[in-house]
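Visitor: Spelled out, the chains give:
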Amino acid sequence: MGKIEWAMWANEQALAAGLILLTGGIVGVGGMFRGWEFAAYSIAAGVFVCLLEYPRGKKNKGTSVERTGQYCFTVCVKAFGPLTRNYYVRAFIHAAIAVPAGFMLATVLGCVCLGIASLIYLGAAISGEKWEPILPRTETRKAVGESIKQPPQNPPPRPPAEMRRKRAEDLEGAAYDNPIKVSTNDE
Amino acid sequence: MGNMIINHGLTSFILVVWMSINIFLFVWFYFFYDLGDQFYYTRHLLGSWCACRAPAAVLNFNCLLILLPVCRNLLSLIRGSFMCCGRTMRKQLDKNISFHKLVAYMIGLMTAVHTIAHLLNVEWYNNSRRRMYDPLSTALSDLPDGNNTTYLNPIRNIDNPTYFAMTSLAGITGVIITLCLILIITSSMEVIRRSYFEVFWYTHHLFVIFFIGLVIHGAGRIVRSQQNLVQHNYTLCKDRIESWGKVAECPYPQFAGGAPGTWMWVIGPMFLYLCERILRFIRYTQTVKYRKIVIRPSKVLELQLVKAGFKMEVGQYVFLNCPAISHLEWHPFTMTSAPEEDFFSVHIRSVGDWTQKLISMVEELPEGTQGPRMGVDGPFGTASEDVFDYEVSMLVGAGIGVTPFASILKSIWYKFKDSDPKLRTRKIYFYWLCRETHAFEWFADLLQVLEKEMEERGMGDFLTYKLFLTGWDQSHTDHVMVRFDEDTDVVTGLKQKTNYGRPNWEKEFEQVRKENPSSTVGTFLCGPAVLAKVLEKKCAKYSDVDPRKTRFYFNKENF
Chain C
1 MGKIEWAMWA
11 NEQALAAGLI
21 LLTGGIVGVG
31 GMFRGWEFAA
41 YSIAAGVFVC
51 LLEYPRGKKN
61 KGTSVERTGQ
71 YCFTVCVKAF
81 GPLTRNYYVR
91 AFIHAAIAVP
101 AGFMLATVLG
111 CVCLGIASLI
121 YLGAAISGEK
131 WEPILPRTET
141 RKAVGESIKQ
151 PPQNPPPRPP
161 AEMRRKRAED
171 LEGAAYDNPI
181 KVSTNDE
Chain U
1 MGNMIINHGL
11 TSFILVVWMS
21 INIFLFVWFY
31 FFYDLGDQFY
41 YTRHLLGSWC
51 ACRAPAAVLN
61 FNCLLILLPV
71 CRNLLSLIRG
81 SFMCCGRTMR
91 KQLDKNISFH
101 KLVAYMIGLM
111 TAVHTIAHLL
121 NVEWYNNSRR
131 RMYDPLSTAL
141 SDLPDGNNTT
151 YLNPIRNIDN
161 PTYFAMTSLA
171 GITGVIITLC
181 LILIITSSME
191 VIRRSYFEVF
201 WYTHHLFVIF
211 FIGLVIHGAG
221 RIVRSQQNLV
231 QHNYTLCKDR
241 IESWGKVAEC
251 PYPQFAGGAP
261 GTWMWVIGPM
271 FLYLCERILR
281 FIRYTQTVKY
291 RKIVIRPSKV
301 LELQLVKAGF
311 KMEVGQYVFL
321 NCPAISHLEW
331 HPFTMTSAPE
341 EDFFSVHIRS
351 VGDWTQKLIS
361 MVEELPEGTQ
371 GPRMGVDGPF
381 GTASEDVFDY
391 EVSMLVGAGI
401 GVTPFASILK
411 SIWYKFKDSD
421 PKLRTRKIYF
431 YWLCRETHAF
441 EWFADLLQVL
451 EKEMEERGMG
461 DFLTYKLFLT
471 GWDQSHTDHV
481 MVRFDEDTDV
491 VTGLKQKTNY
501 GRPNWEKEFE
511 QVRKENPSST
521 VGTFLCGPAV
531 LAKVLEKKCA
541 KYSDVDPRKT
551 RFYFNKENF
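For the record, the sequence lines run as chains C and U.
Position 121, counted from 1, in the first sequence is what the UniProt record's numbering calls 121; the numbers after and before it change by one each time, with no gaps.
Position 81, counted from 1, in the second sequence is what the UniProt record's numbering calls 81; the numbers after and before it change by one each time, with no gaps.
Hints may be right or wrong, so weigh each one.
[Claimed, not checked] In silico EDC-like pairs for lysine to aspartate or glutamate, Cα to Cα no more than 20 Å straight-line:
1) 292(U) to 340(U)
2) 61(C) to 190(U)
3) 61(C) to 508(U)
4) 422(U) to 340(U)
5) 59(C) to 190(U)
6) 58(C) to 190(U)
7) 466(U) to 441(U)
8) 61(C) to 340(U)
9) 59(C) to 302(U)
10) 357(U) to 436(U)
11) 541(U) to 508(U)
12) 59(C) to 441(U)
13) 466(U) to 420(U)
14) 311(U) to 340(U)
Simulated from the structure, these hints should not be mistaken for lab results.
Taking the hints into account, I'd like the entire structure generated from these sequences.
Guide: Structure follows, in structure tokens:
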């Protein structure tokens, strides 16, 4: 286990907040509540937060578990470089996004959840955590040892065939063993 | 098919019953609020508002249920008193955490429905107040809380819905407890639970706030129903708003709020859970003495403990708590000792923070001293006494699943030595499958001891065991090649040689059948589900219809 990586929990919380913002926004717009403009904003904010938070980052210790189909999201998020890698930026973005959603009852829960996620991200940033993408490991072939430059051109030196064959009078001194007993033709 | 019914039938039945109760409550309360005359005016103001009352009923029921599966001492008590009712019943109690999760999902879902419905309600109440709807709605909303009138619309001032939510008791408690619920759910995700258990455990205690808020959530009494249906008949009077209070047959409609009902549902389980926590605390204060502390190879710690009044069965587990490491954490460990011994033991591997700290603390202790203060809760789990009922037993332990078999094998051996009549077993085949023996050398030691004792008594063929190393590599083969003609195995030091790769079950079952032509063979597995399927099939295949010949019965154990 080891030290807690706050970013992992912040990620779950932010994803949940994104979904809640989305749902609250849909209810607000669908019911044409007063202040439905905030609800419409909340739908957009919810979608944005979900897209940003869907790809899980790599854990420092242990195996990271990907969410289903997160690869394309990982690539997109990675493309923003330090903006998405740094958790201070994320904490600030989430706090900023959350504010307008607080002006309407349907979305206020999403606002508070996102605010909490922002605080946890702040904690993660203070602990020095960073978002690392989970990318498939490229197969690196082990570099062949330096001494093996080229295979040999010639076979190893051996005495000629007649000398290598087993002699009947000196079976023990032969260089090889027959796995199956060999007999002459007339036996 | 028969096996599936035996293994899953009761679980499916319980789930069907639970779901039916949920559906029944939803539908019943939906129609209660949809058709009840006393709510006619409320329905007029709010359209279909029953969508918030129905999930509320389902929430009441599930909040009652959610506390029960985590009262493990209560479950132990029930399990003990069900000894007569068959193992299948008792095994259901082992699936308590799965049920807890299922109920939690239902609570989450119903909370979402309930909240959305209330968002709509509050908006419509507010609009009514602003006279945006028809005259009847306006008149109803205008009803003041005065000398001879009582109000219907809980929004008394024309303000925005957020203000109402934050100032009414129901609103503010609702927001707080929903927030607690969301935090509990996000910290209970598998990723967080497996990697950062402390976050999960401490955040989960927000449930205390959840339940307190839940109980006072209805105290504002904003669900209002008409009280004077006889005097004020709505069919007559709904179109004669101007004459309300002025004509004899249409006095003002009087309303009163329904009393909060949730406390009636949850007070019982809350009390039981409180007792559970008190009991855990009492157990924690009971003295536990160390009989022996052994550091095994591969950073495995064996603790032999003694506690007054502690009784265990084979295959059960205990929860350990070490205040020196963490006051609030309790971790489960399967017991590796037999009930016949006068102590109980656990083998602790170093897998996380808590276990690592424990092992390093114990390593620094001088010889022969007592270890750190330990609290023990338990034992829990369904005992696996079925093992003793078969003439011939095939025990298959895969990986960490071998731990309960330590307890079982020891117990069988004790019973055999003492000729315990409860033990019908005459022959045991034990198959140990693991990727590598790292961290299980202590189990190999146990087998060695048993092997030696059996040889001394001339009972060499009571136990036949085979070890299968499924994760062998080149260095293994080199090792084996060099020492192949030694008497004992190079990996385990046991007389029986290690096999490499997965077992050929056809061959194994054939051998068992050949050596026991007319017995009932019980097969027990503690390992992955894939293996369970394989063994189940083989048991079916090699069983003979003729009852005089060999028959295999498969038992999947969930230790």
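Visitor: Which hint numbers doesn't this structure obey?
Guide: 3, 8, 9, 10, 12 and 13
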